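The listed protein sequences derive, respectively, from chains A and B.
Counting from 1, one number per residue, gives the positions in the first sequence under the numbering used here.
Counting from 1, one number per residue, gives the positions in the second sequence under the numbering used here.
Bear in mind the hints are in silico, worked out from the structure with no lab data behind them.
Just so it is clear, the structure is predicted and the values come from calculations on it, not from any experiment.
A couple of the hints might just be wrong.
To be verified - Here are the simulated SDA-like cross-link-like pairs (lysine to any residue), alpha carbons at most 20 Å apart as the crow flies:
id, chain 1, residue 1, chain 2, residue 2
1, A, K128, B, S45
2, B, K308, A, G70
3, A, K187, A, N37
4, A, K35, B, A305
5, A, K35, B, F307
6, A, K3, B, A107
7, A, K74, B, S45
8, B, K308, A, D97
9, A, K35, B, D313
10, A, K3, B, E374
11, B, K122, B, L61
12, B, K103, B, T21
13, B, K103, A, G185
14, A, K128, B, Q334
15, A, K35, B, F304
16, A, K38, B, D302
17, A, K74, B, D46
18, A, K3, B, L61
19, A, K38, B, D313
20, A, K83, A, E457
21, B, K103, A, G70
22, B, K103, A, K3
23, A, K103, A, Q50
24, A, K38, B, F304
25, A, K3, B, T269
26, B, K206, B, G275
27, A, K128, B, A43
28, A, K187, B, A107
29, B, K308, A, N194
30, A, K38, B, T311
31, A, K3, B, D208
32, B, K103, A, T71
33, B, K308, A, N37
34, A, K38, B, F307
35, A, K359, A, L104
36, A, K187, B, K72
37, A, K74, B, R104
38, A, K35, B, Q334
39, A, K187, B, E110
40, A, K35, B, D302
What follows is each chain in one-letter form.
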Amino acid sequence: MNKPLRRIAIFCGLLVLALLIRDNWIQYVQADELKENKHNRRVLIARYSQPRGNIIVDGRPITGSVETDGTDFKYKRTYKNGKMWAPVTGYASQVFDANQIEKLEDEILTGDDDRLFFNRTIDMITGKEQRGGDVITTLNGKAQKAAYEGLGNKKGAVAALDPRTGKILALASTPSYDPSTVAGGSKKDEKAWNDLQPKNNTDDPMLNRALRQTYPPGSTFKVVTAAAALENGKYSNIDAPTDSPLPWRLPLSTRNLDNEGNIPCENATLRKALQYSCNTVFGKLGDDLRKEKMLEQAEKFGFGEEVLTPVRTNASVYPEDMDRPSNALSAIGQYDTRATPLQMAMVASAIANDGKLMKPYMVDSLRAPNLSTIERTDPEEMSQAVSPENAGKLQDMMKTVVDKGTGTAAQIPGVEVGGKTGTAQHGVANSKNPYAWFISYAKTDDGSPVAVAVVIEGSDTVRDDIAGGRLAAPIAKDVMKAVLASEK
Amino acid sequence: MSSTSNTTTISTVGPPSRRNTELAMLVFAVIIPVFAYANAGLALSDEMPSGMLSYGIGLGLLAGVGHLVVRKFAPYADPLLLPIATLLNGLGLVLIWRLDQSKRLAARAESIGQVYAAAAPKQLMYSAMGVALFVGVLILLKDHRILQRYTYISMAAALVLLVMPVFFPAKFGARIWVTVGSFSIQPAEFAKIVIAVFFAGYLMVKRDALALASRRFMGLYLPRGRDLGPILVVWGMSILILVFETDLGTSLLFFGMFVVMLYVATERTSWIVFGLLMSAVGAVSVATFEPHVQQRVDAWLDPFAAFKNGTSDQIAQALMSFGSGGVFGTGLGQGNSDLIGFAANSDFILATVGEELGLAGTMAFLLLYGLIVERGVRTALAARDPFGKLLAIGLSAAFAIQIFVVAGGVMGLIPLTGMTMPFLAYGGSSVLANWALVAILIKISDTARRPAPTPAPSTDAEMTQVVRP
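Pulled out of the complex, with its shape left as it was, chain A reads as follows (with noise of 0.2 Å):
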């Protein structure tokens, strides 16, 4: 009977064998992807088992946790002045995960980061609790606030750029939510979340507008047109008339382009063209440079490309696929032209800094709980959009339109300021209201500090109220008024 019962044997051993090797496939072959699964709750409960670090602006932090007293989760995420700062921080729920800069810098935040090793080990010797560590933000508290504020029950957007380093100043969207209400796991803040779902709520309040929402540009687009011609040396000379009939008929159609009213736009300047927003002669440049030169330019101001901030923006469309009339529409920024608020801010800034975009960041540096600096984000370029001497033209043109052009309502004394309005038409025939535009930027004698994008989404006043110097104009001059201050 020993035979059999060396075989039995063998079989018993096959079957332990079996389960070693099962056992090393689930605890270390696939560990991770266990540990990390959506659906493992220990990643929260250690998400929220110490303090999260805090997001910093201006040096105070606009977060902060409170203890709790659930089985699973010790602490609570917790927002000061949770809805404006929404579109910066992004939320940390401990039921609905997290995004944006909650999400992104996790690690950081809740200490695990591997270069916050040490730290940790300090920690764990001396017996106290994990530490997260620090997000330092590029943003400007004033500059945010005057946003914000100025943004107000409007639904709309708006981005503030450094145009020196790329630094984001402002980043604002409404209508906004606060990431507070559905930071917990109670029901209170699962109706909160619930209700704030686009199927719920046709505001869309999670929606970050500034980064992720794409507008028609309207004529803020006529700024990239304008620089299209002067690179492609079609002009030279803002101030010598340009070969612009009156009316003009779209090419290849039996439509004419019209202007908004009697302006005089028959072979207009640059400059007057700009600082009346003539379609005739930035849909006939867009037409005369074709829509291969038009991509080329949009695309050195950045379109066609998502930008980590690190929170990932939309790209902007110049669209490729398109024949001749439309190119025209296009170049006055109709048609499916579409941007993001900050890519219109890019514009504005690349402009503003002498021709060269800056990758726009809002993270300035990661900070350890020892307040020793992990990580710092250093400038970038992003390209050359356009050459100096023709920046300087086109800053020439914008200031002209803020000094006795569209965008009047922006002006600052004693400051240069230029500046773009837009008036984007939309919805089937134009039947919706349209959105508003205005994009600047303004310059001290060490370059300029600011430059901003605002759009508002048609409110509900008269149609020929929407015009972006008289809605969106007034905010980007509070915004760059409060950058202004703070950089004294």
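Knowing the structure of chain A, use the given hints to seat chain B on it.
Relative to chain A, chain B alone:
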């Protein structure tokens, strides 16, 4: 080294009794759980658990009594079985105590209207009863061959034990419980031993008939139709357990054990082939019309589907427990295996080992179980009588299959069947039955290793010599 290689051979000089080795290992088997207890207590509440001294003394006493009885009544027994059983039982107590402290499990029990009672004190009581049963078996069972007399009584007893749960209400989706008042037992755990006795007795008698009366067909010895009878009966019984008690594990355990013992008794590979064929037929046919089994298979194929369709997420939770433990684990008391919720301290207790002691700890546990099986098989090899061989291999194989079925189920290797991890898991029936199982193995190994009586220098021997002319 030379002395260890001697254990399976019979020699008149007699192997060393190995009782002192056993004692030394028992000391470790008591100290390790005590340290584990301290470790878990420190991690959970920053202080030494209050019951530590009494726990240490209690476990030490149980081990000491066990050891003394083995020394007296089974002096040549295998030295590893008792220490391993003690170690597993002791660590099981620590794990159960650790899960008792879980606020999450307490909240869960309250939310479904139960009173959350600590399980560890009860388990300690069961362990004491288990060791008492162990002692009882060692003292009362003078020789394992006595069991042979009860072959058919065992069969009747096994049938009663297996059928009983049908008459009691199902608990947690399986009819494996006999409930009297607040007291409930799992008869299948005891049936495991009783049925091994029946199989061993029956097969010892019938082995020649089963082995020799056969026709050769395609390289296999086909058994005669009438010899197929018993295997068909056991097969049918397994299927019935599966259908009426929805107890996949027990069904698999009995059929597997029977095929193993049949193969050992007859040395005919054809029985294995028949066994596999019949279990395949049984499994597939039952799985197609039994929703309970289907659910288990579905849960095994895609554990994470539970989060979508709202079925039990236990397997997914167990897998995440194992994964989160990684190689070295979180340390006792620092994991979140209580997320498994129901049965965290019984069927799923291995997940707590996996998370808190890591891959290293889990492998150590699996090897400890493997070692018990190995000592059992070795006992079977060393046993001198066919009944002892069959009983030892039957019990060892049952033990091995149970480990495989439970651990494999919890780790997602095979569909989950709902059995308990011997010694580790919370549950009186399981602890008692497994202590009895170890006692029988110890008794067989004692008989096997006991030096053969030296031939008496009988004067008769000379007198019967052939006288040469």
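Hints, one by one, checked against the model:
Restraint check for K128 of chain A and S45 of chain B: satisfied, since their Cα atoms lie roughly 15 Å apart, inside the 20 Å limit. A threshold of 20 Å between alpha carbons decides the hint, and for K308 of chain B with G70 of chain A the separation of about 25 Å lies outside it, so the pair is violated. A hinted pair counts as satisfied when its Cα atoms are at most 20 Å apart, and K187 of chain A with N37 of chain A does not qualify at roughly 24 Å. Distance restraint check for K35 of chain A and A305 of chain B: the Cα-Cα separation of roughly 17 Å lies within the 20 Å cut-off, and the hinted pair is therefore satisfied.
Simply put, K35 of chain A and F307 of chain B have alpha-carbon atoms about 16 Å apart, close enough for the 20 Å limit, and the pair holds. At most 20 Å may separate the alpha-carbon atoms for a hinted pair to count; K3 of chain A and A107 of chain B exceed this at roughly 55 Å. With a CA separation close to 16 Å, the supplied pair K74 of chain A and S45 of chain B stays within the 20 Å bound. Distance restraint check for K308 of chain B and D97 of chain A: the Cα-Cα separation of roughly 17 Å lies within the 20 Å cut-off, and the hinted pair is therefore satisfied.
Using a Cα cut-off of 20 Å, the hinted pair K35 of chain A and D313 of chain B holds, with the two alpha carbons roughly 16 Å apart. For a cut-off of 20 Å, the pair hint linking K3 of chain A to E374 of chain B stands: about 15 Å separates their Cα positions. With a C-alpha separation of about 17 Å, the suggested pairing of K122 of chain B with L61 of chain B holds against the 20 Å cut-off. Pair hint K103 of chain B plus T21 of chain B does not hold up; C-alpha atoms about 42 Å apart against a cutoff of 20 Å.
For the hint pairing K103 of chain B with G185 of chain A, the CA-to-CA distance comes to about 17 Å; that is within 20 Å, so the pair holds. With a C-alpha separation of about 16 Å, the suggested pair K128 of chain A and Q334 of chain B falls inside the 20 Å cut-off, and the hint holds. At most 20 Å may separate the alpha-carbon atoms for a hinted pair to count; K35 of chain A and F304 of chain B meet this at roughly 14 Å. Our distance criterion of 20 Å between C-alpha atoms is met by K38 of chain A and D302 of chain B, whose separation comes to about 15 Å.
At roughly 17 Å between alpha-carbon atoms, K74 of chain A and D46 of chain B fall within 20 Å of each other, so this suggested pair holds. With a C-alpha separation of about 41 Å, the suggested pair K3 of chain A and L61 of chain B falls outside the 20 Å cut-off, and the hint is violated. Restraint check: the Cα-Cα separation between K38 of chain A and D313 of chain B comes to about 14 Å, which is no more than 20 Å; the hinted pair holds. About 19 Å separates the Cα atoms of K83 of chain A and E457 of chain A, which keeps this hinted pair within 20 Å; it holds.
With a C-alpha separation of about 10 Å, the suggested pairing of K103 of chain B with G70 of chain A holds against the 20 Å cut-off. For a cut-off of 20 Å, the pair hint linking K103 of chain B to K3 of chain A is broken: about 53 Å separates their Cα positions. A threshold of 20 Å between alpha carbons decides the hint, and for K103 of chain A with Q50 of chain A the separation of about 16 Å falls inside it, so the pair holds. Of the supplied pair hints, the one linking K38 of chain A and F304 of chain B holds, its CA atoms being roughly 10 Å apart against a limit of 20 Å.
At roughly 11 Å between alpha-carbon atoms, K3 of chain A and T269 of chain B fall within 20 Å of each other, so this suggested pair holds. Only pairs whose Cα atoms come within 20 Å are accepted, and K206 of chain B paired with G275 of chain B is accepted, the gap being roughly 18 Å. This hinted pair checks out: K128 of chain A and A43 of chain B have alpha carbons roughly 14 Å apart, not beyond 20 Å. For the given pair, K187 of chain A sits about 17 Å from A107 of chain B by alpha-carbon distance, which is consistent with the 20 Å threshold.
A C-alpha spacing of about 19 Å is found between K308 of chain B and N194 of chain A, which places the hinted pair at or below 20 Å, so the restraint holds. Between the alpha carbons of K38 of chain A and T311 of chain B the distance comes to roughly 17 Å, so the proposed pair stays at or under 20 Å and holds. Restraint check for K3 of chain A and D208 of chain B: satisfied, since their Cα atoms lie roughly 16 Å apart, inside the 20 Å limit. With a C-alpha separation of about 6 Å, the suggested pair K103 of chain B and T71 of chain A falls inside the 20 Å cut-off, and the hint holds.
At roughly 14 Å between alpha-carbon atoms, K308 of chain B and N37 of chain A fall within 20 Å of each other, so this suggested pair holds. With a CA separation close to 10 Å, the supplied pair K38 of chain A and F307 of chain B stays within the 20 Å bound. For a cut-off of 20 Å, the pair hint linking K359 of chain A to L104 of chain A stands: about 18 Å separates their Cα positions. Only pairs whose Cα atoms come within 20 Å are accepted, and K187 of chain A paired with K72 of chain B is rejected, the gap being roughly 65 Å.
Taken as a hint, the K74 of chain A and R104 of chain B pair is honoured in the structure, with Cα atoms around 13 Å apart against an allowance of 20 Å. Among the hinted pairs, K35 of chain A with Q334 of chain B is consistent with the structure: their alpha-carbon atoms are about 15 Å apart, no more than 20 Å. The hinted pair formed by K187 of chain A and E110 of chain B meets the criterion: a straight-line CA distance of about 19 Å does not exceed 20 Å. Distance check on the hinted pair: K35 of chain A and D302 of chain B sit about 17 Å apart at the alpha-carbon level, within 20 Å; holds.
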